[in-house]
Amino acid sequence: MKLLTKTNRYYLVLVAALFVVGAVGLYQGTQWALAHEVDEQLVYHRDYLTQHIQRTQALPSVTNPNELSIGRRPQPITLGDTLLYDPVERTEVPFRTISFAVELGGQRHWLTLRKSLIETKEALAVSSGLMLGMLALMVVGVLLLNRWLSNRLWAPFRRTLAALRTYELTRPQALVLPATPIDEFSELNQAVAQLAERAASDYRVLKEFTENVAHETRTPLAIMQAKLEQLMQLDGLPPAATSPVRELYQATLRLSRLHQALTLLSKIENRQFASAVPVQLHELVAEKLGQLQDFTEAKRLKVRLSATVPLHAQMHPVLADSLVNNLLQNAIKHNYPGGRLWVRTSRGELEITNTGQPLDFDPMLLLERFRKHNAASDSPGLGLAIAHQICAFYGFRLRYSFSRTDGLHTLRVQL
Amino acid sequence: MKVLIVEDEAPLRTSLLNCLRQDGYVCETAENYRHAHTKIKLYQYDCVLVDLTLPDGNGLDLVRTLKADQSPAGVLIISARDSLDDKIAGLDLGADDYLPKPFHLAELSARVRAIIRRRQFQGQHHIIFRDLVLFPDQNLVLVHDKPLNLTRKEYDLLLFLLASPNRVLTKEAIAEHIWGDAADMADSLDFIYSHLKNLRKKLQEAGADNYIRTIYGLGYKLASG
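Taken in order, these protein sequences are the chains called A and B. Residues in the first sequence are numbered consecutively from 86, following the working numbering. Residues in the second sequence are numbered consecutively from 70, following the working numbering.
If we strip away everything but chain A, and leave its shape as in the complex, we get (with noise of 0.2 Å):
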């Protein structure tokens, strides 16, 4: 869940048992203090009244009957409550009492004076009102403060994890983490910085690396083919010769092709063909097709083409090169003389069907590198490796399929 909805549900809980606990006690003080507030002039309005009758030897005039009443009988000598009809509010309204007696004349009279506590009642009441008001807009308060801090406080936070989500390590742009006050943030904002530089460092030396290493490779690479092409001009060179001449020949060329396909391979990871430019696909399926003619000819193959729906896609000239040409010479490559061979484009698909060996183990092992199903053969078995790099590359999908039902093998490209 959310940051903000767990702080929430914390501060909610200790706003919640506080006033629970405010509002039980504030109820509580405030009704004992009003209650000992009327008690309190009871008390001192029997004193007072005592000592004005003792001084006047009179007894004092009842005004109002429900706050004074004098009477023979005896009463309890207590504070009291009571319940009385009250004319001016017209409901029985409760009534804290006090009785006590004096002597006068030689007769004992008792009086009872009362309070309305209508009055506090109603302070208590506000008071709760008010209370209650003041803990719904502190809670209200809160949330809120919490939505705007979570927008403010939050948003270099979100600022960096959007510049995270745009980084990328192969362009040189490096990353930019926008300053903040917020302590927490400039650390994590410091070592992201770092981590990225670090990244982006080690690529570079990566990158550099396989670029020395192809470069360098390639030197004594030619210089092997270009020296034994000059030993093959030689008019005395002796018959025994031609044989070992023919095999380092052939050898070197091979090594010059995995040198080339690997050289590819690392140069497509490291995302050194990052330039795309829009590939009518349709159009260089059939171009390469018919390049390979002389091949599909000789192992008399029926080709079909149909590559009307048009296949459009961004990529670098090269890898839309290589990818096509890699699948169309797999196919071709491993198909059985008068084999099939089908070439077809549809929505954001290509799909190259071809009649070949039976496969015992998942057909997608072979798009692994250096994974052949003829082992013994010479190429380097880094075809599909390449067409399953430069898929990845680009997002697209490759599957390898086999049908043992009718022993046809599938690649599927999905744009």
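Do not rely on the hints blindly, as some may be mistaken.
[Claimed, not checked] Which residues of chain B face chain A? A few of them, derived with a C-beta cut under 10 Å, are:
#1 E78
#2 P80
#3 N87
#4 K222
#5 E245
#6 I247
#7 W248
#8 A251
#9 D259
#10 F260
#11 S263
#12 G286
#13 G288
[To be verified] Quick look at which bits of chain A chain B covers, simulated, 3 or more residues with Cβ under 8 Å:
#14 107 to 113
#15 313 to 320
#16 371 to 383
Calculated from the structure, these hints are not laboratory results. We put the beta carbon where it would ideally sit given N, CA and C, even for glycine.
Model the placement of chain B on the given structure of chain A, informed by the hints.
Then chain B, alone, in the frame of chain A:
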């Protein structure tokens, strides 16, 4: 025909020298940028082979210099980098062709021949070899002044052979010239054999001598005598 070879690796330089001398060119060499720069400023060449990775400079600057001086020399860039960016940069600067290492010497030979031909002879140009006359611009071959009917592949094959007379051309070199990347398809070498067989037959039927010699175990040679 004068050719300047700019290449820093000595063994490769001597192979290139050997190859182009055998083809009949007058050749000079330069092993670094400084020497190459001096030479192109002082002398005129028909073709300059430029290796991009020189110890003291970038080969592309040599190309720039040649173009800035309005030199009529053809430029063939050879490079160990095999980078598309280099190729585009080089061709944009005005180089005639780009050949990544490693390459077949026969292929180099053919490309130099093509560059010189394009640059030197605008319009009617023909190659004469014994009984053959070939008009590259018209894709026409005459044997004893009679046109020869060749397939596209046979024509390319003949042109390639004619680029390096008396040179042993391996089947692999020929295959790569004709099919490019697809050359390592298993049957390509058998094709060469059958295409050559057909070419020989057509030449013979037209009354030409058998120029195409088979060098056992190695390849083929167009023999001028």
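- Query: Which earlier hints turn out false for this structure, listed by number in ascending order?
  - Reply: 14
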